[in-house]
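Trainee: With chain A held as given, fit chain B onto it using these hints.
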Amino acid sequence: MAFLKAVITRTLYAALLLAAVLVLNFSMMHLAPGDVADTISQSMGGADAAVLEEIRKDYGLDQPFLVQLGSYFNKVLHFDLGYSFFYNTSVTGLIMQKLPATLLLVVTAQVLALFVGIVLGVYSARNPNGLSSHFVSILALFGYSAPVFWTGILLLIGFSLNVHWFPVAGMYDLTVEGGFFVKLWDLIRHMVLPVITLSSIFLALYSRLCRATMMEVLGSDYIRTAKAKGLSEREIVYKHALKNSLSPVITLAGLQFSAVISGAVLVETVFSWPGLGTLAFQSIIARDTPTILGILFFSALVVIVGNLLTDLALRFVDPRIGRKG
Amino acid sequence: MKKLIQGFLAASALAMVFTSTLLMAEEPKKGGTLVTVLGSNPRNLNPAVQSGIVTGYPGAQLFAAPLRYDENWTPQPYLAESWKVSDDGLKVTLNLVKGATFHDGHPITSSDVKFSVKVIQENHPFKSMFAPVTSVDTPDDHTAVINLSRPHPALMLAMSGQLMAIIPEHIYGDGQKPKSHPRNNANVVGSGPFKLVEFKNGEHVILERFDDFFIKGRPYLDKIIMRIITDPTARAIALENGELHMAGFESLPRIINRLKKVKGLNVTPEGYGAIGPLDWLAMNAGSKGPTGNVKVRQAIAYAIDKNFILKALMQGTATEAKTGIHPDSPFYEGDVNNYALDLDKSNALLDEAGFPKKADGTRFGLTIDFGWPGVKPQVEYVKAALKKVGIAVTVRASADFPTWAKRMGSMDFDLSWDTVFNWGDPVIGVHRTYISSNIGKGVWSNTQGYKNARVDEILEMAAKESDPAKRKALYSEFQKIITEEVPVYWTNALPYHTIYSDKVGNPPLGIWGTSSPIDMTYLK
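These protein sequence lines are chains A and B, in that order. The first sequence begins at 1 in my numbering and counts up by one. The second sequence begins at 326 in my numbering and counts up by one.
Looking at chain A on its own, in the form it has when it is part of the complex (with noise of 0.2 Å):
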């Protein structure tokens, strides 16, 4: 029953939260001079007045700030995202189309990292003071500190130039012919340097935070204890250390979900990945206020959902949490 209360206030906060973000979004997008025409424009090599003004009237951007604002509240609210002025098509229909590609490419690094951070850190816990344990380190320190785009070209220089392992860019290459396992091993293959690069950040933060933890626990009482009753080493890290370790791990990794999504748009650029990083890019330059809000508004719903899953785990992993007393 308090799980329950909670989800709905949890949910109330996030809707208020959602059409405070929008406001705040939609406003600032207004104060910043000039708008989409400018962009129109300049994809087109440039107009006459005459048109900038023609394109304004069109998207209705002459119109009272507040008259905007309202229209635009009212659509949401009958779940329509817009119309995008730059792409020319339905902003719902855009995230879509894009979303499936992102996902794939957010979860599947999201999961390398989860699940190599924790090994790498449950590797070195256990000899702090080895040299692999120093090199572990030194790898997570410098997965974290490398800007993703520079990280992303120089994977491209290294597997795609200089041996050609890897395709440059996009998530399939249109001239391969042939059935499922073909193409399913041609996505692979274009998936592997973006997928490396975006979880090279949060392999150092889970590897650790892992890293950490997982000390502390193993030198507590209970695994002395552990040790006292003769259990073997690998039952003793695996059964009872990690999952007591492991909580930690998971909270920033929802946390980091966020932090996924905006570390894709770059990742996404550097690879040509066509995926929602690519577009809030490409929509943000291009200052097509719909989608970018779209965007944006799908982003916090991402977030607020990715944070309920973790609460959720966390649940799981330990059953302290959520009890009463």
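Keep in mind that the hints were calculated from the coordinates and are not lab data. Worth double-checking, as some hints may not be accurate.
The calculated BS3-like cross-link candidates involving lysine-lysine, where the alpha carbons are at most 30 Å apart (straight line), are [said to hold, decoys possible]:
| id | chain 1 | residue 1 | chain 2 | residue 2 |
| --- | --- | --- | --- | --- |
| 1 | A | 183 | B | 849 |
| 2 | B | 439 | A | 57 |
| 3 | B | 443 | A | 57 |
Mentor: Chain B in isolation, oriented as in the chain A frame:
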């Protein structure tokens, strides 16, 4: 003169022999899929309602124009097998190729030409192209007569490349707004050598050979895949490892120079004469501040070392620009004041203009704007160069393009870096910057507030002068005046380059580059 003509004839005969042997040596091969690239997402694929280079590339493949041009700026038959301009210059008759059809099998008729002209007049951003067109007569299915209110020599270039797409009336004339017509993006029915297979926003445009194209035996390619890759580095790497066969409009000096060294790749600046992109320093000539004074503008030009920009910033990839007309254009006049670096002259001019050096060594302050990050080095250089003559320049960055466009459009600037395209005939892309009736009409209008009665008069006359020699003389005088009064200081042609692999035969290197049909391009 006679000798000159004879020499020219001899040279062209030689050239013909030369090209024909070349053609014999290499028979175009049929078939194959060309993988090429667009640097940004096209808003739609219909060049009748949307201009710009990313619409132009697929657009010129999907839709045919009446004329096409060779690399010497001579019009050639395309959808019009012949044409005639009446003696008074008020009637242009197009005789369409017989038996030409749209991609859905409907015949292309003169009423489609009439319809296309109307759509372009009403929707295309370049209003000057067809402004003098009063009506189009269609005496029969294969003859279209364009009636003009005054002679309009610019029409010839406006009927080529991506500028005059012949679109089917039975598709686009269904009452929906042409600008947002759903078939601009999907199920396109065109008149050109290739038909649309798929356009996926932000990902790719796929075209395939139209078997009933009106030029028999063409196009040579079976399929064209245009991938949309916005990151220039990713495009360069894809060219290098062979994922792309060809890319046009690459303009970053560092990438151009790197790809020049790659075996198997060809890098050429040819193919951009009609697009005519120019880099320049815009100065607010209509301002009440110092830049309103012609001597100050000349002093600024003298203080900027064009060689530094060409050699250091453009790394030798760009050609010098001296006037508002692209150096590859037949109307270009190179014999003008070029403002070679001369700091003494610059200082003297500033003194004359009434801005003596103050105790701290400065004369006055100016701001400089720029609209995209790529030109920041030029802007920083201008700041450093002008400091030497006592002008303190403050760089005003813009958050994004619209912010800058707004400042330019409302003439709220002193100096700004800018890149503007000629778009074929000067009437389309040159007049707009210098004619006083176009002051402050948004970005890429006469944002400098430049006003000269003689320039207005010349441009007015040149727009309707049918005699090419007289027209050239008018533009020559025009260029001498504007280089004397420098409302903008031209530094270089934007170094657009086409990069293609050894596998590509006959890449599009005519005056319109990839904004023209690539029906003759093939894969070896």
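Trainee: Could you run down the list of hints and mark each one as holding or not?
Mentor: These are the hints, each one checked on the structure:
no.	hint	verdict
1	A:183 <-> B:849	holds, 27 Å
2	B:439 <-> A:57	holds, 27 Å
3	B:443 <-> A:57	holds, 21 Å
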